[in-house]
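Enquirer: Each chain, letter by letter, is given below.
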Amino acid sequence: MIEAIKGISFEVRDGEIVTLIGANGAGKTTTMHAISGLVKPAAGSITLDGTELTKIPSHRIVEMGLAQVPEGRRVFAQQTVAENLTLGAYARKDKDGIEKDMEEVYRLFPRLKERRLQMAGTLSGGEQQMLAMGRALMAKPSIVLMDEPSMGLSPLLVSEIFNIIQEINSKGTTVLLVEQNAKRALAIANRAYVLETGRITLSGTGSELAADERVRKAYLGG
Amino acid sequence: MQFISYLINGLGLGSVYAIIALGYTMVYGIAKMLNFAHGDVIMIGAYIAFFAIMNFGLPLIPAVLLAILACTVLGVVIERLAYKPLRQAPSLAVLITAIGVSYFLQNGAQLLWSSSTKVFPAVLPSGSLQIGDLSVSWLTLITIIVCVLVMAVLTLFISRTKTGRAMRACSEDKGAATLMGINVNFIISVTFAIGSGLAAIASVLLCSTYPSVYPTLGSMPGIKAFTAAVFGGIGSIPGAFLGGLLLGIIEILAKAYISTQLSDAIVFAVLIIVLLIKPTGLLGRKLSEKV
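Protein sequences appear in the order of chains A and B. Be aware that the first sequence starts at 47, since it is given in my numbering, and climbs by one per residue. Be aware that the second sequence starts at 7, since it is given in my numbering, and climbs by one per residue.
These are calculated hints, taken from the structure and not from any lab test. Owing to the predicted nature of the structure, the values given are computational and were not obtained by experimental measurement. Idealized CB from N, CA, C, for every residue including glycine. One thing to keep in mind: the hints can contain errors.
Unchecked claim - Away from chain B, derived, C-beta distances all over 12 angstroms, residues of chain A: (1) 59; (2) 149; (3) 246.
Claimed, not checked - BS3-like mimics (lysine-lysine), calculated; alpha carbons at most 30 angstroms apart, straight line: (4) A:101 / B:180; (5) A:86 / B:168; (6) B:168 / A:217; (7) B:180 / A:139; (8) A:139 / B:168; (9) A:186 / B:124; (10) B:38 / A:101; (11) A:159 / B:168; (12) A:101 / B:124; (13) A:159 / A:141; (14) A:159 / B:261; (15) B:168 / A:146; (16) A:86 / B:261; (17) B:284 / A:86; (18) A:101 / B:90; (19) B:180 / A:52.
Between the sequences and the hints, there should be enough to build the whole structure, so can you do that?
Expert: Here is the structure:
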């Protein structure tokens, strides 16, 4: 058993955008996976609105209102865009609500609507990222975890993705954002934490950390 | 005419292989394991159908349904007890366990029902259909029709239903499927249930053609169907269908025109040649990892 993260503690309040920044291997993805249940922590507690998540089977966590946009998008390449979105709503039973949310996702990402019958594997990287985000929204989550949503995208697309994150948040969805693009992430975050080799070393509001000397040196290139 | 009649017989045999191959290919596609006990589930299905007809006097359809039910339960139980605990284990451990389960079922059958051969009753219509010079046995025709029906229903199920979509999602990425709220263990159980239920259907078709029931009856058809699955591209459902049919045709033609003794060797030689030219099988595709 390798301990990737140890003794970290942080909170995300209703309606916030909170970002977790840190270098490669700091434990950001492990933290995300522990919350969404893909790995079960050896010890400790993760709660959502007072419910202990570590005791719930991984596939039930999305029903609790927590969805994840995983690192590397992980869309289902051999299914169509529409099928991917439908899978996002797998845990839901309200047919009408699902259809309404599908329209809402298509409004947010018009390009997905154009390509709804195309296999997800044939989409560009940016479109796949949009699909992964849309798929997470289809679960009608109260909080979305986003793991490196800007990774590998052109600067123009990065701006688009960050705008959309803000729009999603403005509609009432809480966002926990993990990013290597610390500058962008801190610019939209209410609060932020710095994760270094499995520990949280700094925390504060987005603007406080953006102005912090240590953060500037380590993550913002001076 | 002779050739066409061989071809149709080949399709009939191939249909049985195809139905069995579906079980191998679906389990491989979703659980990423080779279930070498699959052939022995056919054997259990044959015994259940045999006893249902001979001892309980059930008509054909209820007997087949009973065999399907028994094999479905058996498949799910095997997966739960033998394979599920090994989910994180290296694939070699799972493979050896599957071979162990296979021996367990064969020896269990021998213990319960003895190793002596039982004669499977002729429950499917005998005789044949005469079209001009061509004579096709009803049994062959029924086998082909059942295979086409199975394929059609399965394809619709996989492509149109919620569970079908979830199965495809699990075959691509179990982690991402879990994030969608899909219970991967449940989907694996469903896959074993479908594969084993199909094995029961295959057992009745097989034992109607070769009416002997004995504890190792599943071995050879199991190996052949596994070959068919690899031939067509393991993990691919249309591949199992195509591979099964082609394998049956090759086997019958080899028997008719080359040599009865060498027919199996010829079948495997064709497999080797296909794999040398296209290592993923006829319809298998190499998944490119996109990062």
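Enquirer: Could you run down the list of hints and mark each one as holding or not?
Expert: Status of each hint after checking the structure:
Under the 12 angstroms C-beta cut-off, the non-interface status given to residue 59 of chain A relative to chain B holds; the minimum distance is some 23 angstroms. Every CB of chain B is more than 12 angstroms from the CB of residue 149 of chain A (nearest about 20 angstroms), matching its label as outside the interface. Consistency note on residue 246 of chain A: stated as away from chain B, and its beta-carbon is indeed over 12 angstroms from all of that chain's, at 24 angstroms minimum. With a CA separation close to 20 angstroms, the supplied pair residue 101 of chain A and residue 180 of chain B stays within the 30 angstroms bound.
Note on residue 86 of chain A and residue 168 of chain B: the hinted pairing holds, with a Cα-Cα distance of about 27 angstroms set against a maximum of 30 angstroms. Pair hint residue 168 of chain B plus residue 217 of chain A holds up; C-alpha atoms about 29 angstroms apart against a cutoff of 30 angstroms. Under the criterion of a C-alpha separation no larger than 30 angstroms, the hint pairing residue 180 of chain B with residue 139 of chain A is consistent with the structure, at around 22 angstroms. For a cut-off of 30 angstroms, the pair hint linking residue 139 of chain A to residue 168 of chain B stands: about 11 angstroms separates their Cα positions.
Taken as a hint, the residue 186 of chain A and residue 124 of chain B pair is broken in the structure, with Cα atoms around 59 angstroms apart against an allowance of 30 angstroms. Proposed proximity of residue 38 of chain B and residue 101 of chain A is supported: the alpha carbons are some 27 angstroms apart, at most 30 angstroms. Pair hint residue 159 of chain A plus residue 168 of chain B holds up; C-alpha atoms about 21 angstroms apart against a cutoff of 30 angstroms. Using a Cα cut-off of 30 angstroms, the hinted pair residue 101 of chain A and residue 124 of chain B is violated, with the two alpha carbons roughly 52 angstroms apart.
Distance check on the hinted pair: residue 159 of chain A and residue 141 of chain A sit about 19 angstroms apart at the alpha-carbon level, within 30 angstroms; holds. A hinted pair counts as satisfied when its Cα atoms are at most 30 angstroms apart, and residue 159 of chain A with residue 261 of chain B does not qualify at roughly 55 angstroms. Note on residue 168 of chain B and residue 146 of chain A: the hinted pairing holds, with a Cα-Cα distance of about 18 angstroms set against a maximum of 30 angstroms. Taken as a hint, the residue 86 of chain A and residue 261 of chain B pair is broken in the structure, with Cα atoms around 57 angstroms apart against an allowance of 30 angstroms.
At most 30 angstroms may separate the alpha-carbon atoms for a hinted pair to count; residue 284 of chain B and residue 86 of chain A exceed this at roughly 41 angstroms. Distance check on the hinted pair: residue 101 of chain A and residue 90 of chain B sit about 20 angstroms apart at the alpha-carbon level, within 30 angstroms; holds. Under the criterion of a C-alpha separation no larger than 30 angstroms, the hint pairing residue 180 of chain B with residue 52 of chain A is consistent with the structure, at around 26 angstroms.
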